[in-house]
Amino acid sequence: MKRGLTTFNIVSLVIGFGFLYLPIILLVIYSFNASRLVTVWGGFSTKWYASLLRNEQLLDAIWVTFRVGLISATIATVLGTFAAVALVRAGRFKGRTLFSGMIFAPLVMPEVILGLSLLLLFVSLGMPRGFWTVTVSHATVTMCYAAVVIQARLAAFDRQLEEAAQDLGCPPIKAFFAVTLPNIAPAVAAAWMLAFTLSLDDLVIASFTSGPGATTLPMRIYSQVRLGVSPEINAVSTLLIGLVATGVIAAYLLQMRRRSEA
Amino acid sequence: MKPRRDRTGLAALAPFLWLGLFFLFPFLLVAKLSLSDTALAIPPYTPRIDWAAGLAGLRTFFAALDFEAYARLPADRLYVVAYLSSLKFAAISTVILLLLGYPLAYAMARCTPSVRQALLMAVILPFWTSFLIRVYALIGILKPEGLLNTALRMVGLGPVNILNTESAIYVGLVYAYLPFMVLPLYAVLERQQHDLLEAAADLGCTPLNAFWRVTFPLSLPGVAAGALLCFIPMVGEFVIPDLLGGSSTLMLGKTIWTEFFANRDWPAASAVAIALLFTLVVPIVLYQRQQAKLMEAGR
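So the protein sequences, as listed, match chains A and B. What the first sequence shows, in numbering that gives the first Met the number 0, is residues 0 to 261, in sequence order. What the second sequence shows, in numbering that gives the first Met the number 0, is residues 0 to 298, in sequence order.
Be aware that a few hints might be false.
As the list claims (entries may be wrong) - Derived DSS-like pairs (lysine-lysine); straight-line CA-CA distance at most 30 Å: (1) K93(A) / K31(B); (2) K93(A) / K292(B); (3) K93(A) / K173(A).
What the hints assert, rightly or not - Computed from the model, here is a short list of chain A residues facing chain B with C-beta under 8 Å: (4) L4; (5) N8; (6) S11; (7) L19; (8) I28; (9) Y29; (10) F92; (11) L115; (12) T139; (13) M142; (14) S236; (15) I240; (16) G241.
Calculated directly from the structure, the hints in this document are not laboratory data. Only a predicted model underlies this, so the values are computations on that prediction, with no experimental measurement involved. The C-beta atom is built at its ideal place from N, Cα and C for all residues, glycine as well.
Whole structure, please, built from the sequences with the hints as guidance.
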């Protein structure tokens, strides 16, 4: 494509990125506002961060959310890797269409439907709702994202390397772990991170499948937001945004360096 | 060497069983429940299968199922309005997203490779940032005494009332789904060959004409992917209409939520969910086909 930007191109970029980033930047700025009012600037202050540390309910929710994220992302990545191998490597197998349908459908399915259906499952199985039901639900949805991320990398990987290992007498499963897995490791790590962030962010599915004692951070934020905008929510949001941004940018820089080394 | 039997398909076993149990089977339960009646019990519906009674229990169970919850759907104006307005919100927002996202993706694709990488990163970043937090960020801007009106007052313009109106839902949907639209568009535009446009120019085609006759038609798979990726989840969106749209605007996602949590009418919530699912089946299958095709092409 021809290089060199027209005025129209520059205007599109400014409007697009301005629209994407302005609300987030304002949210971050106002988390340091001394005034409780959202629009009045009362001077710089970190008092909302301090009051965050004293908010037991919020800290509790953060702890639950992290545990749900860690466990569900790990399950999702393991299952997602298997699913990706099946999608890319196994040609036609029985139920392939159904299988790929089940992998792609949850990516676009409205969360309300997923949440409702999972809840009905737990009710009919007689499982008490709580920590584990949320974890299993998150693993179910995020494994599809994991499968898609890993599948893309696996499709680009040169299969001959693995075949060479097998020709040299390496059993197929060992060849997969010794040759293929290290090669797709960046995608597996990215898939885990994506699954973890998605679990961290989810409100709808968690609200349906959670029970007493397992209130996640988004559920807590949601119930506070319904009561109105508060600087404390701005502060916790800023911390989350900072955490995610650091992770994503670090992953990006790492990938850049790897590419320049290669 | 003796040919190895390909057992790679076995890798599908664990995820297949997992998704079968936690994704496919629950839909049957939703379908079943939509045929049940509400009851003052825990869980709040009837009939329930009486396994102890054996076949007779199953027979009474099936006899008690009916389409009552569905019959209520068209009869209640609220459901019809929610259904139609969900489709309207999603369709109009998809068009706005295309109008906003296409020029953005196009401009990104024209940047130098290093700038392109950074911009791509900048589009992906909000995608990783909490949806709820991003919607929340809009509340502080759109509310009557919010930042937008403060800014408008400074330049001497009258206050606008956006929060809790339909406009707020459009702003929210477009804002939240913009990365989902830009990424597939960028993916197709970035791959396009410069030679094609040069050839068109050599043959006397003006740049604008070349865009409509070469670039745009070639980018249609990206347009389709972006539109489906946004339209389908937007129809069932809950957070945006709930937090930005106020109590007067109706969308199906919110209806399911209210029926379920506030009214505790589980059969009605299930019936609405099934109706929503039936509406989305065609776009979901189209999306899945397209993804599978892209995957085959990538091999």
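How the hints compare with the structure:
no.	hint	verdict
1	K93(A) / K31(B)	holds, 27 Å
2	K93(A) / K292(B)	holds, 19 Å
3	K93(A) / K173(A)	holds, 25 Å
4	L4	holds, 6 Å
5	N8	holds, 4 Å
6	S11	holds, 4 Å
7	L19	holds, 5 Å
8	I28	violated, 10 Å
9	Y29	holds, 7 Å
10	F92	holds, 3 Å
11	L115	holds, 5 Å
12	T139	holds, 4 Å
13	M142	holds, 7 Å
14	S236	holds, 4 Å
15	I240	holds, 6 Å
16	G241	violated, 10 Å
In this structure, the hints that do not hold are numbers 8 and 16, in rising order.
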